[in-house]
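**Student:** Each chain, letter by letter, is given below.
Number of protein chains: 2
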Amino acid sequence: MHTVIVDRRELHELARAIIAAAGTPDDMANDVAEGLVEANLCGHDSHGVMRLPGYVSFSQTKAEASRIFNRVRPAARPELMPESRLGLAIRRVDGGWGWGQPAARLATRTVIAQALKTGVATVTISHCNHVGRLGEYTAMIAEAGLIGFATCNAGPAVAPFNGRERLFGTNPFSFAVPRTVGVRGDGPRPILVDFATSGVAEGKLQVAQAKGLPVGDGLLIDKDGQPTSDPAAFYDGGALLPMGLHKGYGVSVMADLLGGGLSGMGFACTPRFGEGNLAGNGFLITAYNISDFVNVSEYVSKVNELYARVRSSQPARGVEAVLLPGDPEWISRELRLREGIPIPEVTWDAISKTAAELHVPLPV
Amino acid sequence: MHTVIVDRRELHELARAIIAAAGTPDDMANDVAEGLVEANLCGHDSHGVMRLPGYVSFSQTKAEASRIFNRVRPAARPELMPESRLGLAIRRVDGGWGWGQPAARLATRTVIAQALKTGVATVTISHCNHVGRLGEYTAMIAEAGLIGFATCNAGPAVAPFNGRERLFGTNPFSFAVPRTVGVRGDGPRPILVDFATSGVAEGKLQVAQAKGLPVGDGLLIDKDGQPTSDPAAFYDGGALLPMGLHKGYGVSVMADLLGGGLSGMGFACTPRFGEGNLAGNGFLITAYNISDFVNVSEYVSKVNELYARVRSSQPARGVEAVLLPGDPEWISRELRLREGIPIPEVTWDAISKTAAELHVPLPV
Numbered sequence: 001m002h003t004v005i006v007d008r009r010e011l012h013e014l015a016r017a018i019i020a021a022a023g024t025p026d027d028m029a030n031d032v033a034e035g036l037v038e039a040n041l042c043g044h045d046s047h048g049v050m051r052l053p054g055y056v057s058f059s060q061t062k063a064e065a066s067r068i069f070n071r072v073r074p075a076a077r078p079e080l081m082p083e084s085r086l087g088l089a090i091r092r093v094d095g096g097w098g099w100g101q102p103a104a105r106l107a108t109r110t111v112i113a114q115a116l117k118t119g120v121a122t123v124t125i126s127h128c129n130h131v132g133r134l135g136e137y138t139a140m141i142a143e144a145g146l147i148g149f150a151t152c153n154a155g156p157a158v159a160p161f162n163g164r165e166r167l168f169g170t171n172p173f174s175f176a177v178p179r180t181v182g183v184r185g186d187g188p189r190p191i192l193v194d195f196a197t198s199g200v201a202e203g204k205l206q207v208a209q210a211k212g213l214p215v216g217d218g219l220l221i222d223k224d225g226q227p228t229s230d231p232a233a234f235y236d237g238g239a240l241l242p243m244g245l246h247k248g249y250g251v252s253v254m255a256d257l258l259g260g261g262l263s264g265m266g267f268a269c270t271p272r273f274g275e276g277n278l279a280g281n282g283f284l285i286t287a288y289n290i291s292d293f294v295n296v297s298e299y300v301s302k303v304n305e306l307y308a309r310v311r312s313s314q315p316a317r318g319v320e321a322v323l324l325p326g327d328p329e330w331i332s333r334e335l336r337l338r339e340g341i342p343i344p345e346v347t348w349d350a351i352s353k354t355a356a357e358l359h360v361p362l363p364v
Numbered sequence: 365m366h367t368v369i370v371d372r373r374e375l376h377e378l379a380r381a382i383i384a385a386a387g388t389p390d391d392m393a394n395d396v397a398e399g400l401v402e403a404n405l406c407g408h409d410s411h412g413v414m415r416l417p418g419y420v421s422f423s424q425t426k427a428e429a430s431r432i433f434n435r436v437r438p439a440a441r442p443e444l445m446p447e448s449r450l451g452l453a454i455r456r457v458d459g460g461w462g463w464g465q466p467a468a469r470l471a472t473r474t475v476i477a478q479a480l481k482t483g484v485a486t487v488t489i490s491h492c493n494h495v496g497r498l499g500e501y502t503a504m505i506a507e508a509g510l511i512g513f514a515t516c517n518a519g520p521a522v523a524p525f526n527g528r529e530r531l532f533g534t535n536p537f538s539f540a541v542p543r544t545v546g547v548r549g550d551g552p553r554p555i556l557v558d559f560a561t562s563g564v565a566e567g568k569l570q571v572a573q574a575k576g577l578p579v580g581d582g583l584l585i586d587k588d589g590q591p592t593s594d595p596a597a598f599y600d601g602g603a604l605l606p607m608g609l610h611k612g613y614g615v616s617v618m619a620d621l622l623g624g625g626l627s628g629m630g631f632a633c634t635p636r637f638g639e640g641n642l643a644g645n646g647f648l649i650t651a652y653n654i655s656d657f658v659n660v661s662e663y664v665s666k667v668n669e670l671y672a673r674v675r676s677s678q679p680a681r682g683v684e685a686v687l688l689p690g691d692p693e694w695i696s697r698e699l700r701l702r703e704g705i706p707i708p709e710v711t712w713d714a715i716s717k718t719a720a721e722l723h724v725p726l727p728v
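Keeping their order, the protein sequence lines are chains F and C.
Numbering-wise, the first sequence is residues 1 to 364 according to the numbering used here.
Numbering-wise, the second sequence is residues 365 to 728 according to the numbering used here.
Bear in mind the hints are in silico, worked out from the structure with no lab data behind them.
Treat the hints with caution; some may be incorrect.
[Unchecked claim] What follows is a set of in silico ranges between Cβ atoms, one per label pair, in the way DEER data are often shown:
id, chain 1, residue 1, chain 2, residue 2, range
1, C, Lys587, F, Glu298, 31 to 39 Å
2, F, Glu345, C, Pro578, 45 to 53 Å
3, F, Val183, C, Glu684, 49 to 57 Å
[Said to hold, decoys possible] If you want the ones that stay clear, here's a sample from chain F, every Cβ over 12 Å from chain C, calculated:
id, residue
4, Gly54
5, Ala75
6, Leu80
7, Arg91
8, Glu165
9, Thr180
10, Tyr235
11, Val310
12, Val346
13, His359
No residue lacks a Cβ here, since even glycine has one placed at the ideal position from N, Cα and C.
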């Protein structure tokens, strides 16, 4: 497959200009672009700039073509709701059906500030479109020196354990802890857990299908409920399966009940606002302020001891090294910062077409 | 295998009397007995009364025999630490190396009361022995009308993804939401997620080994890092594998960093107090007060709609019905309340021996 190598600054500028040209104020277009390019840098191309053509189409009123994302209001600005009661450790953001990224950033900044006051804090977002990669937000919390946990629901794509109908989203789950005291600066990157609770993310099926490759066993059933490794079966009425059998199913249900439930947007298979919550993510983020629990220097020093112990442990046969969650992302990030971001030609062509339609120039 | 069928009230009284005879005040002996018998009722025999002989031996000073649980102080009472700052949504319990169950119950009652004030709240426990089945505590939160999340770490038994050394505990993870508004009363039982982040719980290896049965593929490696299905390989220097590959590994790491870390007890592979944290569970519990986020009647009604939708969905081939997390536990509980709790004869003999040593009479 042919790929184009793009410098991350050029890619950011292109993404920003496209989102801005779709009617988004500059600061928010910047948030969206940063989220997409960070996903590419971290190796999660399924959440990167390949989303741009879809994002733009969702932001246009003639978007009936997409059943899933059908109502991005590109100029809508997320709002922090007034505190309903003094002393609460929770806050709520109304995303106003604008872009999910600026809403999630507002929620993340808010949960950090609140947890510094109350030790633990939670923020939910209602009327929220696709927030992108959850790890972006939990890592922000960890890079501010706190522990972050986030989850959200999404439109139905995954069968329950022992079932065959699409009733749950790929419902991601993320968690991050700092490896430095206070704001990270130049210190080591956080330990970062970030995964879809389906065995495979839907974006990765798209990638496999584009390449004509099968996916692994145990990830997918076809419309008759039969196991298959053909990604096309998903788009023909099949369903993804949860990761880790009934255990991953449990985490997926939790994401729906916490993210969809406490945001007020409802559950994937019983949405509240008609098609409302199918259109985005019911999002919940929690931060824990380490120093209200334990001595934060000791905590961080223990985390680094754990990190070193795991990294220096004996790998399984045929494996080079044992990594911590997040390491693959940070390794990819270093490499792609240095060498540029590879974009498959077919993706690049689609982005170029979108750019041309909006009269946005491509990088030279 | 021969089994003895015991009524749950008789089993409770026997467990209570044994723990009391080991030097525990009655109210706390009652907490321990209730935790064990509830685990049996819910079908989790690995966390039930089969633990009694071990528990008693851990509570005796000549307990060098057990590397893992070596310091239960049977009369020690857990204490709620004074609030370190006004307005905090977190509290801390010192378990004093007494039984884990009364400590976890104190933490659970505290987190419920605190979340009713602050919307979200978290409680950790330090110096805490085995708390038993996490689902007991998250279900208590849900039965009080809130959403509960709990996790804890444990002594090393599980290899990291791609590794082969025992560096993490079986680190359970639990989550529960109510299906009634406010205190449950006679309403339906909560949706309850509760699992070990290893592919299989260590207690279930013990059960398989006792029966001479292999375990499934992908759960276990031997001391050379080779995949095996022989439970004996674990006790000969092997290791459990995480559930769901790198995803379950991520949840296991999270349990260590949250439970072991924020309790101050340290991590499984880098414990803080010498053998200290190997002896128990670094425990963290969080409660979310639904009504501070959304209308609680609507929330519960949506949860029940989701429940009905999933239960009535098409099952996979060869499966009778699609269940929600927690259903298997509640189904077992109904059955065993009615028909008694089956105890394998070998387990019953061990319990009888412990009872005899402590001059506790067996049920007639």
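**Student:** State for each hint whether it applies.
**Tutor:** Hints and how they fare:
Between Lys587/C and Glu298/F, the C-beta spacing of about 33 Å keeps the proposed range 31 to 39 Å intact. Against the hinted window of 45 to 53 Å, the Cβ-Cβ separation of Glu345/F and Pro578/C comes to about 49 Å, which satisfies the hint. Taking the beta carbon of each, Val183/F and Glu684/C are about 54 Å apart, inside 49 to 57 Å as hinted. The Cβ of Gly54/F lies farther than 12 Å from every Cβ of chain C, with a closest approach of about 25 Å, so its non-interface assignment holds.
No Cβ of chain C comes within 12 Å of the Cβ of Ala75/F; the nearest lies about 27 Å off, and the non-interface call holds. With a least CB separation of 15 Å from chain C, Leu80/F remains clear of the 12 Å interface cut-off, as annotated. Distance check on Arg91/F: its Cβ comes as close as 9 Å (rounded) to a Cβ of chain C, failing to clear the 12 Å threshold; non-interface status is violated. Here Glu165/F does not stay apart from chain C, with its beta-carbon only about 5 Å from theirs, under the 12 Å limit.
The beta carbon of Thr180/F is kept farther than 12 Å from every beta carbon of chain C, the shortest such distance being approximately 15 Å. For Tyr235/F, the requirement that its beta carbon stay farther than 12 Å from each beta carbon of chain C is met, with the minimum near 19 Å. The Cβ of Val310/F sits about 6 Å from the closest Cβ of chain C, inside the 12 Å cut-off, so the non-interface label is violated. No Cβ of chain C approaches the Cβ of Val346/F within 12 Å, the least distance being about 28 Å, so the stated non-interface status holds.
A cut-off of 12 Å between C-beta atoms confirms that His359/F is not in contact with chain C; the least separation is 42 Å.
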